[in-house]
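Line order of the protein sequences matches chains F and U.
Just so you know, we're using my numbering here: the first sequence kicks off at 24 and counts up by one.
Just so you know, we're using my numbering here: the second sequence kicks off at 3 and counts up by one.
Please keep in mind that the hints were generated in silico from the structure rather than gathered at the bench.
The C-beta atom is built at its ideal place from N, Cα and C for all residues, glycine as well.
Among the hints, erroneous ones may be present.
[What the hints assert, rightly or not] What follows is a list of derived Cβ distance ranges for each label pair:
(1) F:M24 x U:S204: 46 to 52 Å
(2) U:P176 x F:N63: 28 to 34 Å
(3) F:L46 x U:R247: 35 to 41 Å
(4) U:V173 x F:R57: 43 to 49 Å
(5) F:N63 x U:W127: 46 to 52 Å
One-letter residues, chain by chain:
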Amino acid sequence: MNLEEAVWYVAAAYAVVLVALLLLFAVLARRLVRLTQRVNALRETDQSDEPAPGRDGARGAVEAVPDGDGVRAAGEVVPDGDGATGPDAAAGGETPDPGGGAAAASAGRDAPAGDRQDRDHPPSGET
Amino acid sequence: MTPTVARLAPAGRPASLLRGLVSAPFLYVAAALLLSAGVLLAFLVAPLDASGLGFTQKIFYFHAAIAETALIAFAVALVAAVLRLVRSAGPPAGLEVAAVRLGLFFSGLVMVTGMIWGRAAWGVWWAWEPRLTTFLMALLVYAAYFVVRGSIDDVQRRETVGSVYAIIAFVTVPVTFFATRYLPEGLHPVVMTASEARMETSMALTFAVCTLGMVALLAALLRSEVALAAGAGALDEVKDLLEER
Numbered sequence: 024m025n026l027e028e029a030v031w032y033v034a035a036a037y038a039v040v041l042v043a044l045l046l047l048f049a050v051l052a053r054r055l056v057r058l059t060q061r062v063n064a065l066r067e068t069d070q071s072d073e074p075a076p077g078r079d080g081a082r083g084a085v086e087a088v089p090d091g092d093g094v095r096a097a098g099e100v101v102p103d104g105d106g107a108t109g110p111d112a113a114a115g116g117e118t119p120d121p122g123g124g125a126a127a128a129s130a131g132r133d134a135p136a137g138d139r140q141d142r143d144h145p146p147s148g149e150t
Numbered sequence: 003m004t005p006t007v008a009r010l011a012p013a014g015r016p017a018s019l020l021r022g023l024v025s026a027p028f029l030y031v032a033a034a035l036l037l038s039a040g041v042l043l044a045f046l047v048a049p050l051d052a053s054g055l056g057f058t059q060k061i062f063y064f065h066a067a068i069a070e071t072a073l074i075a076f077a078v079a080l081v082a083a084v085l086r087l088v089r090s091a092g093p094p095a096g097l098e099v100a101a102v103r104l105g106l107f108f109s110g111l112v113m114v115t116g117m118i119w120g121r122a123a124w125g126v127w128w129a130w131e132p133r134l135t136t137f138l139m140a141l142l143v144y145a146a147y148f149v150v151r152g153s154i155d156d157v158q159r160r161e162t163v164g165s166v167y168a169i170i171a172f173v174t175v176p177v178t179f180f181a182t183r184y185l186p187e188g189l190h191p192v193v194m195t196a197s198e199a200r201m202e203t204s205m206a207l208t209f210a211v212c213t214l215g216m217v218a219l220l221a222a223l224l225r226s227e228v229a230l231a232a233g234a235g236a237l238d239e240v241k242d243l244l245e246e247r
């Protein structure tokens, strides 16, 4: 057998080994992908069985829902239906937004209680 | 409320699965380095065979290394099967099946590379001589392992019968290994004996590096297969529990 023919046989043998190993890795990778897909499908099925957030009274940490109890997250501006926030709080008896109230501040109604008292109700003896 | 999957598959199980997968890369890297070094040694360092095989002898370094690895894989399956039957807390469930599967893979590779080498060295693709015939027998016997397992529906019985079959099937391994030594009239040469390596030092070194690389690859593949089997098993358990809910 001449050298050229021998080289072809050797190359064929090494190529068979290489291709077989690549196929084996491909099969392993495919099994890993299928396993991952099964895990994801199971996780989605499991989460779809869970009750929707809010239905059981539990809320997310960053979730702020206007619930009429006057307690809101700091800095939250909640529309009250008339397009303005804060002004009707005192008139309607609604608890004003303690930390927010940018609109109210611009209208000059969000001043400290003491200031308002000084203007509207002068201290006794100041007649 | 914690999702059921998170409750049933707490952090420990995915973590152990992950450990199984991430420890394999070391073995994969070791195998890649050793096999690359083996190829370089085979073509750049090891001399041409002077016995008449010439350049085709280069096939030997991988062909024989793969053959040894196949037999080691069957030996791993034997040990896993025995431990599984003897001890209640035996090896991982998927080890035996993975070892047989990889043993079959390497056996098939030995047959193909051997046929190519046989055609180059002897002028025939196949010869019914002791080593080739006994290796083919071993391959067929181990292939039947999956047929036997597949024919049993009950999981516990399937595992037990599979383990017993893996033990019995191992009889073919020593028969294959010693066939050439005790039936020397065959075409297949005996290169390594207990007392000597009938080749030059650089050839023996190349063969050793290739064998180590293949064994490291087998270990890495076994780890991956066992981790995958464990993951699939855990997933089935969770799925069953979800369906019962």
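Quick one: are N63 (chain F) and W127 (chain U) within 46 to 52 Å, going by C-beta?
-> At roughly 47 Å between Cβ atoms, W127 (chain U) and N63 (chain F) fall inside 46 to 52 Å, so the hint holds.
Holds or violated: 35 to 41 Å for the Cβ distance of L46 (chain F) and R247 (chain U)?
-> For R247 (chain U) against L46 (chain F), whose Cβ atoms are near 40 Å apart, the range 35 to 41 Å holds.
Do the beta carbons of M24 (chain F) and S204 (chain U) sit within 46 to 52 Å of each other?
-> Because 23 Å falls outside the window, the suggested range is violated.
Determine whether the Cβ-Cβ distance between V173 (chain U) and R57 (chain F) falls within the hinted range of 43 to 49 Å.
-> violated (35 Å)
C-beta pair P176 (chain U), N63 (chain F): status relative to the range 28 to 34 Å that was hinted = violated (46 Å)
The structure is inconsistent with the numbered hints 1, 2 and 4, although it conforms to all the rest.
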